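J.: Chain by chain, the residues run as shown.
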Amino acid sequence: MAYHTIAYFAVFLPVVILLYQIVPKKFRFAVIIAADYVFFWLFSGKLIVYLICATLLTYFIGIWIERTALKNDGDKKNVTKKKRRILAFGIAANLLVLVVLKYTNFFGQSLSDLLHLFNVDWTFGGVKFMVPIGLSFYTLEIISYITDVYRGTLKAEHNIAKVALYLSFFPQIMEGPIARFHETADTLYAGESVKFDNLKFGYQRILWGLFKKIVIADRIYPTVNYIFNDYADKDGSIILFGVVCYVAQLYLEFSGCMDIVIGSGQIFGVKLPENFRQPFLAKSAGEFWRRWHITLGTFFKDYIFYPVSLAGPVKNAAKKVKKRFGRNVSKFVAPTAALFCVWACNGLWHGANWTFIFYGMYYFVLIFIENITEEPVKKLAEKLHINRESIGYKIFRTAKLFIIVLVGELFFRANSLKDGFAMLAGIFGNFHISALFSNIHRLKMDRLDLIVAGAGIIIVTVVGALKEKNIDIRQKVSGWVVPARWIFWYAAIMLVVIFGAYGSGYTAVDLIYAGY
Amino acid sequence: MEELLEILEDIQPGVDYASCKTLIDDHILDSFGILSLVSEIEDAFDVEISPAELVAENFNSADSLWKMICRLKGEE
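Each protein sequence line maps, in turn, to chains A and B. Per this note's numbering, the first sequence starts with residue 7, numbered consecutively. Per this note's numbering, the second sequence starts with residue 33, numbered consecutively.
Treat the hints with caution; some may be incorrect.
Stated by the list, open to error - Listed next, the in silico PhoX-like pairs over lysine-lysine satisfying Cα-Cα at most 25 angstroms (straight line):
| no. | chain 1 | residue 1 | chain 2 | residue 2 |
| --- | --- | --- | --- | --- |
| 1 | B | Lys53 | A | Lys82 |
| 2 | B | Lys53 | A | Lys321 |
| 3 | A | Lys134 | A | Lys31 |
| 4 | A | Lys289 | A | Lys321 |
| 5 | A | Lys89 | B | Lys105 |
| 6 | B | Lys105 | A | Lys83 |
| 7 | B | Lys99 | A | Lys83 |
| 8 | A | Lys321 | A | Lys206 |
| 9 | A | Lys31 | A | Lys289 |
For the record, the hints were derived by calculation from the structure and aren't laboratory data. These figures come from a predicted structure and were not determined experimentally.
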């Protein structure tokens, strides 16, 4: 029952809304928790015990930190030390579960490969673990909660129901967004009635998400699979087409899912944080990541980038560099060390595979280069009288960003690092555009698929461009006269019903980020 | 306050720091700028800034930065 299925948006969600609305206000939070756990159980069954244990642990760690802070015996340093130990225990306990369940096989296999290089005959047999849904997402939410309590920016929650609501809210358990405690828990616990406007706007947002996911992304999916799984005998132009399709599929699927998730939250009055902000309109790779999977980026910024940058050893290293080379060089030390940690974690978080680690390091290097060349490039452009706001420069900047994103996503999706490099070599070494045009209908998309996917991408692009200019289509439509409004929404529903990729001949496509 | 304004001007010139209240919200200071600022403030005012202090409320204006510095000095 993924978010884009009829079972979710036409059965499960309406039933939860109905039950939520008919029970007294003070028990509505219990309906949400019950819905959360039923939803979790439907995917992961008995593995729900992981979520329950994580919730209990988070609750007690929060209170433990708070009590330690209150036992202030005048020795502030000692209290901080004790609090830090509890925080470290809380983070380690949660990360241990994540690492064991998701990374044991990867680390075991990597160790085995390494030992073989030194002629040590040890082969890792592999261990099969069942991984509960949303593990990577709720683990980050736990770290966020207990760290905020440790920092004193959040009070420890004494009502376990609120902690449970925060960690298990069913619309966001599978793919995020990674929310902060204050963004969901209190509103969900308050149990306010479902407002008509929230219901209307929520379902409109869900419809927009379905359009992105089942009309466009799922239509492109077979082509992506076909090209990535069998690229060896294909021309570079076809491989490039496959990579372009994958970027479109990934963005439309993940952002479409976020629309469904945020729309579901809105129905219950919860304003979940946005995860995308027109990423392809970014001016640089760094900005791209401030617009793509925003909540993961802000998590890494708040809980890895800043703490690493301000860590004693990093600051000392920066001071030494400053003494020797001056501020212009030393200013890069702390951010670069922190950036490396962020991107190593970003790569690993996406999965236990060298392709993801490469992906992380790829962006680390690119953003590092962007940072150190920003000032020189600006000065060079001034010297050469290049107008960085001219259309020509903007086209150059957009083309550069697209190449960066395409190469990154090629490795992200490639079946192995070796395959990724082979595909890249294919694009640069054996590129004949005529091969793509003559084979376009043999790439698992027929003429109708190509037209619908192409038109869909144009619609999403136009809506995104308008949104960038603060023009909201939904708000505009809500101001129309009733018949026009009804015609618009009826047409939108019909568009999804008629052109959605489902039914016989189509395989249900799992949500990509649900696997992370 | 004068010293703080000089530091800000040095890190990111061309901004009216005396009146600007949206240094973070309008992305005038990015993560790199914030870290440079933290390093300079720590050296100039002999305070230690923890990650918990790196929030928009503290960094959105010279005034809020100054309040944070005074608070941290008072806590020591």
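J.: With reference to the structure, classify each hint as holding or not holding.
T.: Checked hints:
no., hint, verdict
1, Lys53/B with Lys82/A, "violated, 33 angstroms"
2, Lys53/B with Lys321/A, "violated, 28 angstroms"
3, Lys134/A with Lys31/A, "violated, 44 angstroms"
4, Lys289/A with Lys321/A, "violated, 30 angstroms"
5, Lys89/A with Lys105/B, "holds, 22 angstroms"
6, Lys105/B with Lys83/A, "holds, 16 angstroms"
7, Lys99/B with Lys83/A, "holds, 23 angstroms"
8, Lys321/A with Lys206/A, "violated, 51 angstroms"
9, Lys31/A with Lys289/A, "violated, 47 angstroms"
When each numbered hint is compared with the structure, violations occur for hints 1, 2, 3, 4, 8, 9.
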